[in-house]
Amino acid sequence: MNKILILDFGSQYTQLIARRIRESNVYCEIYPCFSTLEKIKGFHPQGIILSGGPSSVTDAEAPQADPGIFDLKVPVLGICYGLQWMAQTLGGKVHPTGEREYGKAMIEVLHREPLFQHLDKSSFQVWMSHGDQLEILPPGFQTLAQTKTCPHAAVQSKDGRFFGVQFHPEVVHTENGMILLNNFLFKVCDLRGDWTMESFIEAKVNEIREKVGQDRVLCAVSGGVDSTVAAALVHRAVGDHLHAVFVDNGVLRLNEAQRVQDMFNKHMSMKVTCIQAGDQFLKKLKGVIDPEKKRKIIGHEFIEVFQNESCKIKNLKYLMQGTLYPDVIESVSFKGGPSATIKSHHNVGGLPEKMHLRLIEPLRELFKDEVRVLGKTMGLPDELIQRQPFPGPGLAVRILDEVTPERLEILRTADDIVIQEVKKAGWYTKVWQSFGVLLPVKTVGVMGDARTYENVLALRVVESRDGMTADWVALPYELLGRISNRVINEVKGINRVVYDISSKPPATIEWE
Numbered sequence: 001m002n003k004i005l006i007l008d009f010g011s012q013y014t015q016l017i018a019r020r021i022r023e024s025n026v027y028c029e030i031y032p033c034f035s036t037l038e039k040i041k042g043f044h045p046q047g048i049i050l051s052g053g054p055s056s057v058t059d060a061e062a063p064q065a066d067p068g069i070f071d072l073k074v075p076v077l078g079i080c081y082g083l084q085w086m087a088q089t090l091g092g093k094v095h096p097t098g099e100r101e102y103g104k105a106m107i108e109v110l111h112r113e114p115l116f117q118h119l120d121k122s123s124f125q126v127w128m129s130h131g132d133q134l135e136i137l138p139p140g141f142q143t144l145a146q147t148k149t150c151p152h153a154a155v156q157s158k159d160g161r162f163f164g165v166q167f168h169p170e171v172v173h174t175e176n177g178m179i180l181l182n183n184f185l186f187k188v189c190d191l192r193g194d195w196t197m198e199s200f201i202e203a204k205v206n207e208i209r210e211k212v213g214q215d216r217v218l219c220a221v222s223g224g225v226d227s228t229v230a231a232a233l234v235h236r237a238v239g240d241h242l243h244a245v246f247v248d249n250g251v252l253r254l255n256e257a258q259r260v261q262d263m264f265n266k267h268m269s270m271k272v273t274c275i276q277a278g279d280q281f282l283k284k285l286k287g288v289i290d291p292e293k294k295r296k297i298i299g300h301e302f303i304e305v306f307q308n309e310s311c312k313i314k315n316l317k318y319l320m321q322g323t324l325y326p327d328v329i330e331s332v333s334f335k336g337g338p339s340a341t342i343k344s345h346h347n348v349g350g351l352p353e354k355m356h357l358r359l360i361e362p363l364r365e366l367f368k369d370e371v372r373v374l375g376k377t378m379g380l381p382d383e384l385i386q387r388q389p390f391p392g393p394g395l396a397v398r399i400l401d402e403v404t405p406e407r408l409e410i411l412r413t414a415d416d417i418v419i420q421e422v423k424k425a426g427w428y429t430k431v432w433q434s435f436g437v438l439l440p441v442k443t444v445g446v447m448g449d450a451r452t453y454e455n456v457l458a459l460r461v462v463e464s465r466d467g468m469t470a471d472w473v474a475l476p477y478e479l480l481g482r483i484s485n486r487v488i489n490e491v492k493g494i495n496r497v498v499y500d501i502s503s504k505p506p507a508t509i510e511w512e
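Mind the numbering: the sequence shown is residues 1 to 512 in my numbering, read in order.
Everything labelled a hint here was simulated from the structure, so no lab data went into it.
Glycine included, each C-beta is placed from N, C-alpha and C at the ideal position.
Hints are not guaranteed to be accurate.
Result set (EDC-like, lysine to aspartate or glutamate): computed pairs, CA atoms no more than 16 Å apart in a straight line [stated by the list, open to error]:
{"no.": "1", "residue 1": "K293", "residue 2": "E402"}
{"no.": "2", "residue 1": "K430", "residue 2": "D471"}
{"no.": "3", "residue 1": "K121", "residue 2": "D159"}
{"no.": "4", "residue 1": "K148", "residue 2": "E202"}
{"no.": "5", "residue 1": "K296", "residue 2": "E175"}
{"no.": "6", "residue 1": "K286", "residue 2": "D159"}
{"no.": "7", "residue 1": "K41", "residue 2": "E61"}
{"no.": "8", "residue 1": "K187", "residue 2": "D159"}
Pair by pair, the computed Cβ-Cβ distance ranges are [said to hold, decoys possible]:
{"no.": "9", "residue 1": "D240", "residue 2": "D159", "range": "12 to 22 Å"}
{"no.": "10", "residue 1": "G213", "residue 2": "C274", "range": "44 to 54 Å"}
{"no.": "11", "residue 1": "K296", "residue 2": "S122", "range": "56 to 66 Å"}
{"no.": "12", "residue 1": "M447", "residue 2": "E292", "range": "34 to 44 Å"}
{"no.": "13", "residue 1": "G193", "residue 2": "K376", "range": "47 to 57 Å"}
{"no.": "14", "residue 1": "D382", "residue 2": "Y477", "range": "21 to 31 Å"}
{"no.": "15", "residue 1": "T97", "residue 2": "G193", "range": "14 to 24 Å"}
{"no.": "16", "residue 1": "D401", "residue 2": "H356", "range": "34 to 44 Å"}
{"no.": "17", "residue 1": "K104", "residue 2": "A203", "range": "36 to 46 Å"}
{"no.": "18", "residue 1": "E61", "residue 2": "I313", "range": "44 to 54 Å"}
{"no.": "19", "residue 1": "K104", "residue 2": "P476", "range": "46 to 56 Å"}
{"no.": "20", "residue 1": "I136", "residue 2": "G213", "range": "35 to 45 Å"}
{"no.": "21", "residue 1": "K296", "residue 2": "P151", "range": "50 to 60 Å"}
{"no.": "22", "residue 1": "E406", "residue 2": "A62", "range": "27 to 37 Å"}
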């Protein structure tokens, strides 16, 4: 299989580079820039891309990669910081510009072959983001393009092995960015673009089947896209040796437990064991307001319930989790230190070790949108693969107060109205998430001739591609009005609806 390796120097766009490459049906992975040469060799890349990064190569503690990559006899493309580090390592000189250049710039192409082939024009817009720039080329290099302020906006070695661009071809603001990346992939690295979902399914099914043999696999299904597609893939590989378990933890959406069982039985011919544990979870959540404590309590109780169920299964050796590639990437920062904890991960840590099980993570190489494509390719219906994400701790983190049966009933009913109206208006598959949050605030209202003093519901609707960044959605006023009217009139306990217009960052998608 054709493969590209991306070495990450800390750029906010590193994952975007990977996504662009996979859109061209070329498989790629992201390694931290400090990865050993042995690990890099073990990946057997046909090309290497050096990402951008926020540091200056002139700093004493600037992130470094092993210079041995330049002896691997594979093409290398440096982007922004990646270009600067490559040029400096190979004998060039980089200097600070005095002020950071950030935003759009016009580039003039001096030499088209091979990086700028198939362009309609020799001058086009690119996206810059740098504080340093290349001043003196390394020996054996030539300039391919320039801007008014950047004399070496694109360079290459004369032997055609090393390339660098000072701008970001992976962002939509750069015109012809995909042409440039594809020229590197297919003209320079001579790749075929043979990585498809069909080939992924075939390889993954064979891998899981060989690994599991006659043993048993336990998996928790939530009804969400990740666990559903992962379960379908493993089920295709091992059939009835997969034991799917759905835990009703008492903080689910309206009729969710029955809906999940019906979906799996109808569309996947897979039996799901449903464990009713709501009372157990709610008892532990009594009096708890802190969101992180809620997450940890729910995670701990989930382990207990799951462990009890596992004792009933003979020859159980594996646990399936729906880990995605962003989870893998974010587990290691480019500097090697711990990444900042925004919130506890939805996959329950410690479960495999406590149960003495080995992990199967069939989706760990995929991004979220690729998981949806995988589900579609496997024949799963849209009602399964187009479901919006739902947090592992459920409605517990959408109630900004103690979780009680009364508050759960209020939020369940209101949230169901939100989903009904968003679907009816045709917005459900256009947005990333749409849901309600029950605030620990009461306001005065008037219903009929009576004064009310009841709860506030915050409506949250965001658009995103992978959940790592998100923007609030400007829903039509008519839709917002229908949602508000229905919630206030039909849900006893809410007399006011507000709309959240915060983006991520600085806010998060969920409120807790």
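Hint-by-hint comparison with the structure:
no.	hint	result
1	K293 to E402	11 Å, holds
2	K430 to D471	13 Å, holds
3	K121 to D159	25 Å, violated
4	K148 to E202	50 Å, violated
5	K296 to E175	46 Å, violated
6	K286 to D159	68 Å, violated
7	K41 to E61	25 Å, violated
8	K187 to D159	14 Å, holds
9	D240 to D159: 12 to 22 Å	57 Å, violated
10	G213 to C274: 44 to 54 Å	28 Å, violated
11	K296 to S122: 56 to 66 Å	58 Å, holds
12	M447 to E292: 34 to 44 Å	37 Å, holds
13	G193 to K376: 47 to 57 Å	20 Å, violated
14	D382 to Y477: 21 to 31 Å	28 Å, holds
15	T97 to G193: 14 to 24 Å	37 Å, violated
16	D401 to H356: 34 to 44 Å	38 Å, holds
17	K104 to A203: 36 to 46 Å	41 Å, holds
18	E61 to I313: 44 to 54 Å	51 Å, holds
19	K104 to P476: 46 to 56 Å	31 Å, violated
20	I136 to G213: 35 to 45 Å	59 Å, violated
21	K296 to P151: 50 to 60 Å	55 Å, holds
22	E406 to A62: 27 to 37 Å	56 Å, violated
Comparing the model with each earlier hint shows violations of hints 3, 4, 5, 6, 7, 9, 10, 13, 15, 19, 20, 22; every other hint is respected.
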